[in-house]
Amino acid sequence: MTRFFARNRHTVQRLGFTLITLVAVMTVIPIVGVIIFIVYQGGPAISTEFITGFPYDGMRSGGILPAIIGTLYLTIGTAVFSVPLGIAAAIYLSEYAKDNQATRLIRLAIINLAGIPSVVYGLFGLGLFVLFLKFGTSILAASLTLSIMTLPVIISTSEEALRAVPQSFRTVSISLGATRWQTIRRIVLKEALPGILTGVILGLERAAGETAPILFTGAAFFLPRLPGSPFDATMALPYHLFVISTQVPEMPIQIQYGTALVLLVFVLTMNVIATIIRSRARARRQW
Amino acid sequence: MEKSLNWREFIITRAIKASGYSAIVFVLLIFFFLLRESLPTLTRVETSSLLGTRWYPIEDYFGILPLITGSLVVTLGAALIAIPFGIGTAVYISEIAPRWMREILKPLVELLGGLPSVVLGFLGILVVSPFLRVFLDLPTGLTAFTGSLLLGGIAVPTVVSVAEDALDSVPRAYREGAWALGATKWQTIWRVTLPAAKSGVLTAIMLGIGRAIGETMTVMMVTGNAPVLATTLGSLFSPVRTMTATIAAEMGEVATGSTHYHVLFFIGIVLFLISLIVNVIASSVVFRAKKRAERILS
Amino acid sequence: MVDKILIENLSLQYADGTESLQNISMGIRPNAVTVLFGPAGGGKSTLLRCLNRLNDLTDIKTSSGRILIDGENILDPKTDVIALRRKVGMVFARPVPLPMSIRENITYGMELAGENRRSVLDEAVERSLKLAAIWEEVKDRLNDPAVALSGGQQQRVCLARVLALQPEIILLDEPTSGLDPISTGKVEMALQELKKNYTVILVPHSVQQAARTADYAAFFLQGELIEYDDGKKIFTTPKEKKTEDYIMGRFG
Chain A
1 MTRFFARNRH
11 TVQRLGFTLI
21 TLVAVMTVIP
31 IVGVIIFIVY
41 QGGPAISTEF
51 ITGFPYDGMR
61 SGGILPAIIG
71 TLYLTIGTAV
81 FSVPLGIAAA
91 IYLSEYAKDN
101 QATRLIRLAI
111 INLAGIPSVV
121 YGLFGLGLFV
131 LFLKFGTSIL
141 AASLTLSIMT
151 LPVIISTSEE
161 ALRAVPQSFR
171 TVSISLGATR
181 WQTIRRIVLK
191 EALPGILTGV
201 ILGLERAAGE
211 TAPILFTGAA
221 FFLPRLPGSP
231 FDATMALPYH
241 LFVISTQVPE
251 MPIQIQYGTA
261 LVLLVFVLTM
271 NVIATIIRSR
281 ARARRQW
Chain B
1001 MEKSLNWREF
1011 IITRAIKASG
1021 YSAIVFVLLI
1031 FFFLLRESLP
1041 TLTRVETSSL
1051 LGTRWYPIED
1061 YFGILPLITG
1071 SLVVTLGAAL
1081 IAIPFGIGTA
1091 VYISEIAPRW
1101 MREILKPLVE
1111 LLGGLPSVVL
1121 GFLGILVVSP
1131 FLRVFLDLPT
1141 GLTAFTGSLL
1151 LGGIAVPTVV
1161 SVAEDALDSV
1171 PRAYREGAWA
1181 LGATKWQTIW
1191 RVTLPAAKSG
1201 VLTAIMLGIG
1211 RAIGETMTVM
1221 MVTGNAPVLA
1231 TTLGSLFSPV
1241 RTMTATIAAE
1251 MGEVATGSTH
1261 YHVLFFIGIV
1271 LFLISLIVNV
1281 IASSVVFRAK
1291 KRAERILS
Chain C
2001 MVDKILIENL
2011 SLQYADGTES
2021 LQNISMGIRP
2031 NAVTVLFGPA
2041 GGGKSTLLRC
2051 LNRLNDLTDI
2061 KTSSGRILID
2071 GENILDPKTD
2081 VIALRRKVGM
2091 VFARPVPLPM
2101 SIRENITYGM
2111 ELAGENRRSV
2121 LDEAVERSLK
2131 LAAIWEEVKD
2141 RLNDPAVALS
2151 GGQQQRVCLA
2161 RVLALQPEII
2171 LLDEPTSGLD
2181 PISTGKVEMA
2191 LQELKKNYTV
2201 ILVPHSVQQA
2211 ARTADYAAFF
2221 LQGELIEYDD
2231 GKKIFTTPKE
2241 KKTEDYIMGR
2251 FG
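Taken in sequence, the protein lines are chains A, B and C.
Quick note: the first sequence uses the numbering used here, first residue 1, plus one each step.
Quick note: the second sequence uses the numbering used here, first residue 1001, plus one each step.
Quick note: the third sequence uses the numbering used here, first residue 2001, plus one each step.
Keep in mind the hints are simulated off the structure, nothing from the lab.
Among the clues, some could well be false.
Unchecked claim - Result set (BS3-like, lysine-lysine): computed pairs, CA atoms no more than 30 Å apart in a straight line:
| hint | chain 1 | residue 1 | chain 2 | residue 2 |
| --- | --- | --- | --- | --- |
| 1 | C | 2242 | C | 2232 |
| 2 | B | 1106 | B | 1017 |
| 3 | B | 1106 | A | 98 |
| 4 | B | 1017 | C | 2195 |
| 5 | C | 2195 | C | 2061 |
| 6 | C | 2232 | B | 1017 |
| 7 | C | 2233 | C | 2195 |
| 8 | A | 98 | C | 2195 |
| 9 | A | 190 | A | 98 |
| 10 | C | 2196 | C | 2139 |
| 11 | C | 2233 | C | 2061 |
| 12 | C | 2232 | C | 2196 |
| 13 | C | 2195 | C | 2239 |
| 14 | C | 2078 | C | 2186 |
| 15 | C | 2195 | C | 2004 |
| 16 | A | 98 | B | 1185 |
| 17 | B | 1185 | B | 1198 |
| 18 | C | 2139 | C | 2078 |
| 19 | C | 2087 | C | 2139 |
| 20 | C | 2139 | C | 2195 |
| 21 | C | 2139 | A | 190 |
| 22 | B | 1198 | A | 190 |
| 23 | C | 2139 | C | 2004 |
| 24 | A | 98 | C | 2004 |
| 25 | C | 2195 | A | 190 |
| 26 | C | 2196 | C | 2186 |
| 27 | A | 190 | B | 1106 |
Said to hold, decoys possible - Anything over 12 Å on all C-beta distances counts as not near chain C; from chain A, calculated:
| hint | residue |
| --- | --- |
| 28 | 98 |
| 29 | 171 |
| 30 | 172 |
| 31 | 187 |
Predicted model, so just to flag it, every value in this text is computed and none were measured.
Note that the Cβ used here is the ideal one computed from N, Cα and C, for glycine as well.
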């Protein structure tokens, strides 16, 4: 049997390549298909009223503005907590940390944070922020929960961006009389910024699309007004989509697809922005 | 001038160091809070009943076994889909596709990774599940299989990007050496490149499985939410309930401090520990492989 | 003439066990080009990096001895290392233009020190680029990215970058190793001009370069200082057999 394969190596290769190509195509087609399908089905629902209006009749008509604004608030809230902390932690790992047991422990902790199921984050957020710290079901609690969840992504991608900056820059800077922080601020951070930004946007994109962490920490189905303070609960696109597709009887399908489309656009726009930043930075790089 | 610079730099350096350790703080924080809220379970519910096969909280049946098997079945199914498709696509992108195709495919796969799980669950309810019900002639389309299908799709991007990175970092010299010995590209991939990237590929698989176990919304929307013990192959095509879906579905309706409340936290800490173990194993595999590689190359 | 730099019993061992310097003692004269030459692994670069405390960034297991610059031991923990690095400048083997314009490269060190007066910076830019023999070539494109220059030009900009801080000692670690002969010649000529006002220590990339440029030369072999003498003498009539063997090319 092996001899058959050996003698017909090139046929085997051609078959193998075809198979793998098929596999890749079968993986990629659904991605494109999903997007096109949602655009096609949800497109008709999109109108100015849909984007800027409030829902009524139990969500069965009207607009989804509060959900859009809510997701915006949550994304900003997540950014406020996770971005500074994440970048600082990345700077520590890339520029200060030595290769010892403590550093390995930190990396293990980051890997673990990255692997915790999103619903467990929701439980944690409920236990700590909503109940123990008495923030209640609020934008604050939900943002804090989402921040911790987004932290590992930001740390990993930021550290990678920082490490990509050539070591020779640091050596030269130090030899000219710079302190370590001066070197980081003036050269390393500046050059790593596009990579860091890409990672931040991708991390926030994931946070914007998550439902489970905000289920018990900040999401509400129907609010008569837009949230006025971080201690208010809020509507949010992913949660809204979840409820209208599973728990509201006689929900017009078009509104469901429309909501899905808006969420998709929100998330994909961030993805596209991140990709553009990344490729433009790569072209403009002076190293 | 120098003095104030030193003082400011000192504070900034301290803040950066503290941020570095914050990850450890958060993991411990999460663990302790989960522990705190889940421990009462052990006093209020007998362990034997906890490991029972009936999950019916209204009547105080807290057997978590059906939930565990539910998660296992769905995850296994997802792995069976995600691994071949994920590795295959990674091999295609890294070894076979022309350069221009690679530039299109990589962002596309990353795009899939960014799709919110609730959107996939939504499509699962409206499109996939009715289709499967008709196509496979089932009483309902909301089954473990539906969940596996969609979960596989969610796990694939993770598997592809990590595996593709691993394959990409195999030194060109390995492939060239094989070609010089007369191997075809196909033979090189399977006998040289893939084995060389073994640890990275394994990590990709474990991360993909981790992603699948932890997925909540999609499974909650399409697996039917019936906490039935999965025993036979046929269970794949009937409704199940995963651990994650249980927490998400029932947490909103429990009273704080009730037994049900604590049991849900208990399930939460079980999930936490499972992902902890998977991650520790995955990282030690990578660590040991890296050490071995360092020894060989030094 | 008093030695600018006095090295007393300097020994150094890296964390991975490699012994880099063994009991080095020598004096470096001011206003001259002192050359440290020898085969790879001899400790020459390590010695250079001790002189501006750049070795602080690497893992050192043990070190002992003193290095006196103008009578002060710079290995003392209380030394102001930042000020030291401005006083002792270094040019590296590969040109490392910082990812900024030519002008910004030159003013980088001064801005670190807090200098931001436009007139002072402009004057420094012109002065240093002239000293490095590259002013005429780049004076019209100071705002272009430094990385757009050729290798030889980049290296001279790196030299100017160091000169802008008005150091007293200039260290050069194989500065012309990647450059073509013309650029190499320009750098060597600049060094001959610079030695009039600075103390220059050079690790050459060939014995020929050492012979061309050295006022004084020290031969290093595997961490030990084998011979240290007048430049003219050591390359024509070396005292030690090992020195002679290396110069003759019998090993390397």
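Taking the hints in turn, this is what the structure says about them:
1. C/2242 - C/2232: Measuring from Cα to Cα gives roughly 18 Å; hence the hint holds.
2. B/1106 - B/1017: Roughly 35 Å separates the two Cα atoms, so the pair is violated.
3. B/1106 - A/98: Outside the cut-off at roughly 33 Å; violated.
4. B/1017 - C/2195: Violated. Residue 1017 of chain B to residue 2195 of chain C sits at ~44 Å, over the 30 Å cutoff.
5. C/2195 - C/2061: violated (35 Å)
6. C/2232 - B/1017: violated (54 Å)
7. C/2233 - C/2195: holds (20 Å)
8. A/98 - C/2195: violated (40 Å)
9. A/190 - A/98: holds (23 Å)
10. C/2196 - C/2139: holds (25 Å)
11. C/2233 - C/2061: It is violated: about 37 Å lies between the C-alpha atoms, which goes past 30 Å.
12. C/2232 - C/2196: At roughly 18 Å apart (the allowed maximum being 30 Å), residue 2196 of chain C and residue 2232 of chain C satisfy the hint.
13. C/2195 - C/2239: holds (26 Å)
14. C/2078 - C/2186: violated (39 Å)
15. C/2195 - C/2004: holds (13 Å)
16. A/98 - B/1185: violated (41 Å)
17. B/1185 - B/1198: holds (18 Å)
18. C/2139 - C/2078: Judged against 30 Å, a Cα distance of about 41 Å means the pair is violated.
19. C/2087 - C/2139: holds (26 Å)
20. C/2139 - C/2195: holds (24 Å)
21. C/2139 - A/190: holds (26 Å)
22. B/1198 - A/190: violated (36 Å)
23. C/2139 - C/2004: Cα-Cα ~34 Å, so violated.
24. A/98 - C/2004: Answer violated: residue 98 of chain A to residue 2004 of chain C is near 36 Å, above 30 Å.
25. C/2195 - A/190: Roughly 36 Å between the alpha carbons, so the hint for residue 2195 of chain C and residue 190 of chain A is violated.
26. C/2196 - C/2186: holds (16 Å)
27. A/190 - B/1106: holds (26 Å)
28. 98: violated (9 Å)
29. 171: violated (7 Å)
30. 172: violated (5 Å)
31. 187: violated (7 Å)
Violated hints for the displayed structure, listed by number in ascending order: 2, 3, 4, 5, 6, 8, 11, 14, 16, 18, 22, 23, 24, 25, 28, 29, 30, 31.
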